[in-house]
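Kindly generate the complete structure, drawing on both the sequences and the hints.
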Amino acid sequence: MIRKLLSGDLPNSRILTTLLLLVLLGLLLTPFIFPGTRAMNVAAKICVFIVLAASYDLLLGYTGIVSFAHTMFFGIGAYGVGIAMSRFEPGWLPLLLGVLAAMLTALVLALLLGLLSLRVRTIFFAMMSLALASFFVILASQFSDYTGGEDGLTFKLPELLSPGTQFLDEPWLGVDWNGKTLAYYIVFCGSAALFLLCLRVVNSPFGRVLQAIRENDFRVAAIGFNPVTYRTVGNCLAALLACLAGALYAIWLRYVGPDTVLSFDIMIDVLLIVVIGGMGSMYGAAIGAAIFVIAQNYLQDGMKLLHGGLEGVPVVANFFHPDRWLLWLGVLFVLSVYFLPTGIVGKLRQRRK
Amino acid sequence: MSDTLLQLQAVHTHIGPYHILQGVDLHVPRGRLTMLLGRNGAGKSTTLRTIMGLWQASAGELTLEGASIKGMNTADIALRGIGYVPENMGIFSDLSVRENMLLAARSGPIDRQRLEWIFGLFPALRQFWEKPAGKLSGGQKQMVAIARAIIEKRKLYMFDEPSKGLAPVMVNSMIAALRELKQQGATILLVEQNLAVAHALGDTVAVMDSGRVIHHGSMAELGADAGLQHRLLGLSVGAH
Amino acid sequence: MQTLNNKLSQFIIPLVMLAGLILVPNLPTWITLTVAGLAMGMMIFIMASGLTLVFGLMDVMNFGHGVFIAIGAFVATSVLLSMAGWMQAENAALNLLAIGIAMAAAALVAGLLGWAFERIIIRPVYGQHLKQILITTGGLIIAEQLIHAIWGPEQIALPRPASLRGAWIFGDVAIEKFRVIAVVLGLLIFIAMWLVLNRSKIGLLVRAGVENPEMVETLGYKIRRLFVGVFVVGSALAGLGGVLWGLYQETVSATMGAQLMVLIFIVIIIGGLGSVGGCFAGALLIGLTANYVGFLAPKVALGANILLMVLILLWRPQGLFPVASR
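Chains as they are written, first to last, in our numbering: chain A, 1 to 353; chain B, 1001 to 1240; chain C, 2001 to 2326.
The hints are simulated quantities; they were obtained by calculation from the structure and are not laboratory data. Treat each hint with caution, since some may be false.
[To be verified] Cβ-Cβ distance ranges computed for the label pairs, FRET-style:
(1) L2307(C) / S144(A): 15 to 25 Å
(2) T2251(C) / P35(A): 37 to 47 Å
(3) L2188(C) / G1066(B): 22 to 32 Å
(4) S1068(B) / L2195(C): 51 to 61 Å
(5) Y2126(C) / G1066(B): 46 to 56 Å
(6) I186(A) / L2314(C): 40 to 50 Å
(7) K2201(C) / I294(A): 53 to 63 Å
(8) S1068(B) / I223(A): 48 to 58 Å
(9) I294(A) / T2251(C): 55 to 65 Å
Glycine is no exception: its CB is placed at the ideal position from the N, C-alpha and C atoms.
Listed below in C-alpha cells is the structure:
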C-alpha cells in the first residue's frame, strides 16, 4: 500500500528513509512535540516549502527548465487568498473562489510565458521568466488598493480556522485545540497531498517523457511526442502547484506581503534547496526544504557564536557574520552543480545501487 | 617515407556512442591529388574532420610530415599548413568576401600576385569583393571557400565535396582551379561523389565503406576496371 | 516585407523620439527627457554590450554579469571616497581626473574578476546551458554576499563631484551636467567598439566567431583565447558602466547588479542576442521609453519596458538586429 501511495518511488536508502520519516513525524506531531508559536511557524513553512521545492524540481530536475517565475506563482496563490479574504466577508465560498481565481491567473501566465518563449530554449525561457516575474512584483506594488502595496494585507479566515475558535476548553495531550491548530493540519494535509501528487506525476508516463525531453528533445520529437506541448503542460502543472502552496501559506499566516510571498529572495532559496537537495529527486527537494527552513531559523544562532569567537580578526570575521549564511550556501550551491548534479539525495540513493 | 605527406594508421573515431571510423588506413602522397571516394555515410567527411582535429581520434596514429598530429587542437593543426574547405563551406555571411579572405591569410596581408591568380580562376570574386558573402549564390560561395583555402601556399589542401550543388559550368571552373593547383606541386586530398571530377583530377584513390578504407590504388587502375568500380561504388565512371 | 522591417528597425530610435515629441507637449521638457533617456540608455549599453557579445560568440549566457557592475561600482566608491578632496573641489579637471582614475580601477578589477570568473566558473560548463544558468546565478549570490562582507551591509552614498552637480540652463531647458558626460562617454565607447569590430583583425575574428567558431579555428586561430579576451573586456565594460550608474543614482548597493539584470536582459533581447548594434539601439530605446512614459504615465513606467519587449518580440522574434548565427 505504501508503494501505491508513493507511486512506486521508494527511497531505496536507509539513511534517506530515516530522514524522511523524521521529517514526516516531526511535522505531523509538531503541536505535540514542539510547543510554542515559533515551532509551529517553522513547521508550517516547511510544509509549504516542501511543495514549493518539489514543484520547482518538476521543472528544473525533471524537465530541465530553469524558471525565475516560480515564486510569482506562489505569490499569486497567496494573494488570491489574501485579496478574497480582504474584499469579502471571510467565509468558505470566497476562500474557494479566491483560490480558483488565483489558479486561473497562474495558468494564464504560465501559458503566456510558454508562448513568448516558444522556442523554449533554456536561456531564453529563463530570461523571460525573470522579466515576467519582475513585472508582476511591480504590478503588485502599484495596485496597492487591491494588494495593500508594500505593507501587504492582513486578513481574517473563516470562523473555523480562526485562532479564537476553541474546540476544546482544556488542552488535550498538551495541545491547545483551536482554529490555529486546525489551520496547521489543513496546511500539513494539503502539503502532503500535493507532494504525493508530485510523486505521481514524475512517476507517470508523462513524467518519463519529460525526463526524456530533458535529455534529448530531438529524439523525443522523432518518436512522435511534441516537446513543446509537454514542456508547456509541465510548466503549467508546476505553476498550479506553486500557486496552491501559496494559498496554503496565506491561510497559515493570515497575512500576505511582497516580502513574504513575492520576493526574489524566496526564489533564490527555492533554487538553492532544489539544487543542493537534489535535482530530479522529489525526496531531495523535501529533505532540502526541511533542512533549509530549520537552518534559516535556528542556524543563525549558531553562526552568531562563531562570529563572536572571531571578533578579533578584521575582515574574516565578516565572512562568518550570521547574515552571511547565504554566502556559504551559495558556495555549496556552486559546488553541488559541479560535483553533485543529483544533489545530496542522489548521492545517497546511488550508494545503495 | 618522405613522399607520404599525411598518414593515417588504424584510426578510430567515436562520436558519442557511434563508432564512425573503424580503423582507417590512409596515406596521402606528396605532390599528388588523392581522391577519397565512397557512398554516403562511409565516413569520408568524418575522416577529414578527424585529421583537422574537429573530432578527436579515439585510437590510431595520424602523422603529418612524420610528426604526430593526434590529440592536437584544430588551430595548431591548421597552422601546420593545412587549408580545409568543409562540406558546408563555412563562409562567414556577415563578412565581405575581402574580409573572408583576409582571415584566411594567416601570415599577414594578402599576396597581391596570388590574389590576381585567384581572380583569374574565379572572375566573379573580383566583382563581389566588398559584398557580404551571405549575398552570394551557392556556386559563388563555393568559389570563396576554395579561394580562402588556397590564398596562401599550404602543405596540404583538403576539400570536402566542393562540387556539391554546383552547376556544371561552375564544376568546370573548379576542376580548372584544382588542376592549376596541382601544377604548382600541391598535395591535395579531395572528397567527392562526382566521379567525373575524380576521373579528371585524381592521381591516387582511396575508397571508403563503413568507416574503413577498402581500396587503395591509382586512379588509372580504377578507371580502367568497370567491375571494380561497380563493386566499390555501385556506379561507373561514365555515369556522370 | 523583410526590407520594410529592416528599414523600420533602423529608424526606430528617431521614430520613438518623434513620438515623444508629439506626446510631450512642451519642447523644453522633451529635451530634458530625451537627454535623460539617452544618458540612461548609454549607461545600460555600456553595461550590456559585454553580455550580448559573450553570448553571441561563446553561446554562454552569464546570469551573473551583474557581479561586474556591482564590483566596479564599489571599487570606484572606495577610490572616490579616498579622493574626497579632489571630488569636492570646484575644479572640473580634478573632478574628471578623479572619476577617470576610479573608472580605470573599476574596469581593471572587474576585468580581472572576469578572467577568474571565466576560468573557474564558466569554462567547465561550456555548451551546457542549464548548468551555466545555475552556476552563474550562484556566482551572483556569492559575489553579493562577498560585497556585503567586504563593504558592509548598507548602501553607500556616492555623491557626484562638485563641478558635475546640477544642470546647465539654456532658457527654459535644464540639462543635467552628469547626463551629458554619460552620453558623450557612451558614444565614445560605442564608436570605439564599432571601429574595433569593423576595422581590425580582432573585430573580424569576433564577427566571424559569432557566426561559426569552428571555422575560425580551422583557419588557424585559437578561439579559446578570443573567448577569454572578449569576456574580460565585457566584464571591464560592465564595471565601467557600474561606476557611471552609481554616480547617476548617487548610491551603490550590493543588489544593484542583480536589479539591473532584468533591464539588461530586456535590452539585449530587444536588440537581438549577439548584436552590439542591436544592443545600442535597444538600450537607447529602453532609456527613452522609460523617461517618456515616466513623465506621461508614472504608474505604468516601470512595467512599460517589459511591455515594449513583448511588443517587439511579437513583431520581430529575433530582436531588432539579429545576427547570422550557427
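Going down the list of hints, with the structure as the test:
{"no.": "1", "hint": "L2307(C) / S144(A): 15 to 25 Å", "result": "20 Å, holds"}
{"no.": "2", "hint": "T2251(C) / P35(A): 37 to 47 Å", "result": "45 Å, holds"}
{"no.": "3", "hint": "L2188(C) / G1066(B): 22 to 32 Å", "result": "53 Å, violated"}
{"no.": "4", "hint": "S1068(B) / L2195(C): 51 to 61 Å", "result": "42 Å, violated"}
{"no.": "5", "hint": "Y2126(C) / G1066(B): 46 to 56 Å", "result": "34 Å, violated"}
{"no.": "6", "hint": "I186(A) / L2314(C): 40 to 50 Å", "result": "43 Å, holds"}
{"no.": "7", "hint": "K2201(C) / I294(A): 53 to 63 Å", "result": "58 Å, holds"}
{"no.": "8", "hint": "S1068(B) / I223(A): 48 to 58 Å", "result": "43 Å, violated"}
{"no.": "9", "hint": "I294(A) / T2251(C): 55 to 65 Å", "result": "36 Å, violated"}
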